[in-house]
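Chemist: Go ahead and model the full structure; you've got the sequences and the hints to work with.
Those protein sequence lines, which keep their order, are chains A and B. Positions 1 to 288 (our numbering) are the ones given, in order, by the first sequence. Positions 1001 to 1288 (our numbering) are the ones given, in order, by the second sequence.
Calculated directly from the structure, the hints in this document are not laboratory data. Values in this document were obtained by computation on a predicted structure and should not be read as measured data. Careful, some of the hints might be misleading.
Taking beta-carbon pairs under 7 Å as the criterion, some of the chain B residues facing chain A (in silico) [to be verified]:
(1) Arg1026
(2) Thr1114
(3) Val1115
(4) Leu1168
(5) Thr1183
Glycine included, C-beta positions come from ideal geometry on N, C-alpha and C.
There are 2 protein chains.
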Amino acid sequence: MSASPPAPLPTVRTVSDLRAQVAAWRRDGLRIGFVPTMGALHEGHLSLVRLAGTRADRVVASVFVNPTQFGPNEDFDAYPRDEARDAGLLAGAGCALLFAPSVGEMYPPGASTTVTVAGVSEPLDGQARPGHFAGVATVVTKLLNQCQPDVAVFGEKDFQQLAVIRRLVRDLDIPVEIVGGPTARADDGLALSSRNAYLTEAERPVAAKLNAALREVLTKVRAGEPVEAAEQAAVAALLAAGFRQVDYVEARVPDTLERVGPGPANGPVRVLGAAHLGRTRLIDNIGD
Amino acid sequence: MSASPPAPLPTVRTVSDLRAQVAAWRRDGLRIGFVPTMGALHEGHLSLVRLAGTRADRVVASVFVNPTQFGPNEDFDAYPRDEARDAGLLAGAGCALLFAPSVGEMYPPGASTTVTVAGVSEPLDGQARPGHFAGVATVVTKLLNQCQPDVAVFGEKDFQQLAVIRRLVRDLDIPVEIVGGPTARADDGLALSSRNAYLTEAERPVAAKLNAALREVLTKVRAGEPVEAAEQAAVAALLAAGFRQVDYVEARVPDTLERVGPGPANGPVRVLGAAHLGRTRLIDNIGD
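Modeler: Dropping the structure here:
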């Protein structure tokens, strides 16, 4: 039995309209959840919206492809955009309001403030994508201050991003609870990602080997094998499988993203990887 | 006729206690004003508290000597601290709550996020005190998020700081109104400052010449004289009067702190100066 088609999703494009709606809900004593996205939504995003719905009375989602978190040679222009489709999916997942600002609304002339997070944003994608996390930290600070939700949900798929956001929310005393949502995956283990749309038919089965390689590292590290050898074997396996370039495969301490020692790991471990398959850069991570 | 002595000022030392009091006031529909200070209060600070009182139902003041805005060779350790005196003065000016956190409450282990403001924070004190405005921008972002006031008042005495704060509040969408309060002065024009306490008896009359020199520049610029010559004459006058070093005397556009053109200035002008007299660094600014 199929559900009836959802009503069109109320959409605001200015901070002022966003705040007016949130303020009206607050006057009614309602709790606000928030799911920031860059659109091109898939089941992973929708699971975050549903998770926010279990923690709040009204869920706001934003769709904003943030130019400041893309490097000069990255895919800002090519990034998939389809607001009507996104709005329909959000409504179906229980979202109550879409915030879809323009670049000009987010960065008016003269904007010149940047939020940077030392430590947790420096390794991994911080090395591979210079400036990326400053762009993320700044836009997330803005979005949280614009919406002022009680709770905001971010995907564990972008595990380092989640760690950066947890850190900046604590450090800047932003009054919001940050919740991480588990990574949604295809049957073969591939993490759902808007960038999977770039994969060719031939690349698609190869893409799943990133997740398999990370699992292999986690299994070995848990079995007491040396960390660095496990990481290097994974890199070799990915290159052999057809990945063009591996930015990193590394076992890290989940909260701080510091390296785990060279010997057997005792505490919690997260294995993170980033690799290029054709023109697509894929990232994934797993833990236990 | 003297007023009766004010009751002891309620004081909180944790963000959690601060928020509990502010939330209680909010439940009663009250509007919150906030005046962040580094203590060592004088009439200038108290005028800001009274100004906040005209814009809000309850005024919170913070006293926190923020280590991250002092350079390694600056006066963090020597900066005057007398909380009991400050609390009495605040109560007398109508302040309802003092927030006096420890350094550990403000910067717990692991804190690693910095707010930087390009442009307006770069010239003048941005050159003379590297890192100063990043320290200011970060702590003010924290304080505003901790207190969540409707309105926050900062002194025009620290004119560049006020411009940096206005910029970051806009850029990070912090939901607060920023109000500048006019500079309080001694009869001879010396801007009131906690650092005036460092002046010797012999230096005190010389200190007032900083304000006089800035006024002279403003008068000349308004009369159509070349800006740079007016600035240079002021620097020479200050050195001749006994100042040890002049960091800058410059006419700037008030909002952006960009240079005014070399010819006659048409738009608004602010003249800012910083100079060292003995072991005291003084700053001042005037406009029209």
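Chemist: Hint by hint, note whether the structure agrees.
Modeler: Do the hints match the structure? See the list:
For Arg1026 (chain B), the shortest C-beta to C-beta distance to chain A is roughly 11 Å, which exceeds 7 Å, and the interface hint is violated. Hint status for Thr1114 (chain B) relative to chain A: holds, with the closest Cβ pair at about 5 Å, below 7 Å. Annotation: Val1115 (chain B) was flagged as interfacial toward chain A, and the flag holds, the nearest CB pair being 6 Å apart, inside 7 Å. With its C-beta approaching chain A no nearer than about 5 Å, Leu1168 (chain B) sits inside the 7 Å limit, and its interface hint holds.
The criterion of a C-beta within 7 Å of any C-beta in chain A is not met by Thr1183 (chain B), whose closest approach is roughly 25 Å, and the hint is violated.
Against the hints set out earlier in the document, violations occur for numbers 1 and 5.
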